[in-house]
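Colleague: For the protein sequence lines, the chains are G and C, in the order given.
Mapping to our numbering: the first sequence position 18 is 18, numbers consecutive.
Mapping to our numbering: the second sequence position 126 is 1126, numbers consecutive.
The hints are all genuine.
Okay, derived cross-link-like pairs now, BS3-like style, lysine-lysine, Cα gap no bigger than 30 Å in a straight line: (1) LYS1242(C) / LYS1069(C); (2) LYS1421(C) / LYS1271(C); (3) LYS1363(C) / LYS9(G); (4) LYS1069(C) / LYS1003(C); (5) LYS1242(C) / LYS1085(C); (6) LYS1421(C) / LYS9(G); (7) LYS9(G) / LYS92(G); (8) LYS1363(C) / LYS92(G); (9) LYS1421(C) / LYS1038(C).
Hints were generated in silico from the structure; no laboratory data involved.
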Amino acid sequence: MSVDTATVKRIASLARIAITDDEAQAMAPELNNILGWIEQLGEVDVTGIEPMTAVIPNTLRLREDVVTEPDQRDLVLANAPQAEHGFFAVPKVIE
Amino acid sequence: MTKLTDLTVAGIRDGFRAGDFSAREVAEGFNAAVAGAKALNAFIVDTPDHALAAADAADAARAAGDAAKPLAGVPIGMKDLFCTKGVQTTAASHILEGFVPPYESTVSGKLWEAGAGMLGKLNLDQFAMGSSNETSYFGNVISPWRRNDGGNAAMAPGGSSGGSASAIAARLCPAATGTDTGGSIRQPAAFVGISGIKPTYGRCSRWGVVAFASSLDQAGPMARDVRDCAIMLEAMSGFDAKDSTSLDLEVPHWEAGLSSDLKGKRVGIPKEYRVEGMPAEIEALWQQGIDWLRDAGAEIVEVSLPHTRYALPAYYIIAPAEASSNLARYDGVRYGQRELPEGANLQDMYAATRSAGFGPEVKRRIMIGTYVLSAGYYHAYYTQAQKVRTLIARDFAEAWDHCDLLLTPTAPSAAFALGEKMADPLAMYLNDVFTVPSSLAGLPAMSVPGGLDAGGLPLGLQVIGRPLDEQSVLNAGLALEERAGFTARAEAWW
Chain G
1 MSVDTATVKR IASLARIAIT DDEAQAMAPE LNNILGWIEQ LGEVDVTGIE PMTAVIPNTL
61 RLREDVVTEP DQRDLVLANA PQAEHGFFAV PKVIE
Chain C
1001 MTKLTDLTVA GIRDGFRAGD FSAREVAEGF NAAVAGAKAL NAFIVDTPDH ALAAADAADA
1061 ARAAGDAAKP LAGVPIGMKD LFCTKGVQTT AASHILEGFV PPYESTVSGK LWEAGAGMLG
1121 KLNLDQFAMG SSNETSYFGN VISPWRRNDG GNAAMAPGGS SGGSASAIAA RLCPAATGTD
1181 TGGSIRQPAA FVGISGIKPT YGRCSRWGVV AFASSLDQAG PMARDVRDCA IMLEAMSGFD
1241 AKDSTSLDLE VPHWEAGLSS DLKGKRVGIP KEYRVEGMPA EIEALWQQGI DWLRDAGAEI
1301 VEVSLPHTRY ALPAYYIIAP AEASSNLARY DGVRYGQREL PEGANLQDMY AATRSAGFGP
1361 EVKRRIMIGT YVLSAGYYHA YYTQAQKVRT LIARDFAEAW DHCDLLLTPT APSAAFALGE
1421 KMADPLAMYL NDVFTVPSSL AGLPAMSVPG GLDAGGLPLG LQVIGRPLDE QSVLNAGLAL
1481 EERAGFTARA EAWW
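Please construct the entire structure, taking both the sequences and the accompanying hints into account.
Modeller: What follows is the structure, given as structure tokens:
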């Protein structure tokens, strides 16, 4: 299968990355080249093989549902590009 | 007396304890070396005050009769992928430029607790994506090494931990942290003639480390010799409740357990690693390594890892898939850069921010990851890759029935010049052909320098071990190190 510029744009949109038409055109052959190469995985017989989920046997720990840290609002907001009234601020979402 | 900046971690630690010099003298020596090596572009941020403060604390403790901290008096470099409280952490990206974490990563925190000081934040491939250090927003790291052909071509230090590699090889720090997702500790270590170990997945906490591919990322040390790697790894490892994949196990005393006597050990030579077109020099070094390990008492056996050739394509599905998910957090809302074009809505802001904030290789991998996870392709690509990963891990598990360790070359070539491979992303990916399989299987693996190629550039040998058997990996590394007698170093030109 071949990735065309329309597909590149759709993927960019899913990835939330703005790209121009020129960038999409430049990226299409690159992605084709890489995806064409990884398609060789299709030749591996994986009948009855489970996909790996954990690389080293380990059980997922769950912690108690309790508060472990005091209020850290100012620290959490310290790196925000824009913070107002103790919140992260973003462009207007609802008209 | 040896210059303080030529000492190893063990040399600094022992000399400091013996009172041969003060920790401040050491820190000042390395601070000056860092300040004088801007041409290498190994550091994104220098933190001389951090190093001096740790040194003064060590000197004060020693004056009070306590010099026992394992890294007291030792300043180190910190890969700029580890969040450091109050010090800018960028992962070499524009999107995180100016980000100052209000917290400390577990690994860096452990190193400070052990007495180490920080000389600065080391440059790397952007978000640890790259094998040459040509994807950093802050410019390429230059290797201190040059080819002996009379040319002055700037060489790649390898990647992604290329700033760490370059800084150690140039004696700007005695040791540094690295992270390894598909070879990012081992390949740069090989390119600059130093040692580095990626421990078993889960040994080192990933908490506070900027995430690339979470099922693969693992921190580890880089240093000039095997003993220093053991010392650093002990300080970096250990259970962390804040990382759900952290292994709840005691940290072994790796330095105390070092022994280059390999009697009773069987070392496997995987026949599938003899890849087509491998330079004769790499073949010859590999054979030399086999002879060295036999000389150390090991029995050499041939083993087969039949799915080796599928490791790289599986990796380049799994790692970008995880990256596309991990890097979704960079959207201009909570931290980092924000691009807000005139009249933009929230979606426009995300897209503009990410377009301006990520470099080309990062975008490429996010796009591949998004593609392989998208509806219609998820099973054909991602699930298939995860099944192949199971087969690759099984290959290793079956090999352990026949041997205790594996010996391979670290990289398919010596370092290349900056720019030589940039035009072809796929050719760059092939650099990780020997390091990726053990990453997919979560195994401990280390690179030690083995010799020089005809161009006068270092070549590395890789030792891979069973899960949790870092000791055997370090011991085999030590056996190679003792026999290789690698003392070559880059002439200072910077």
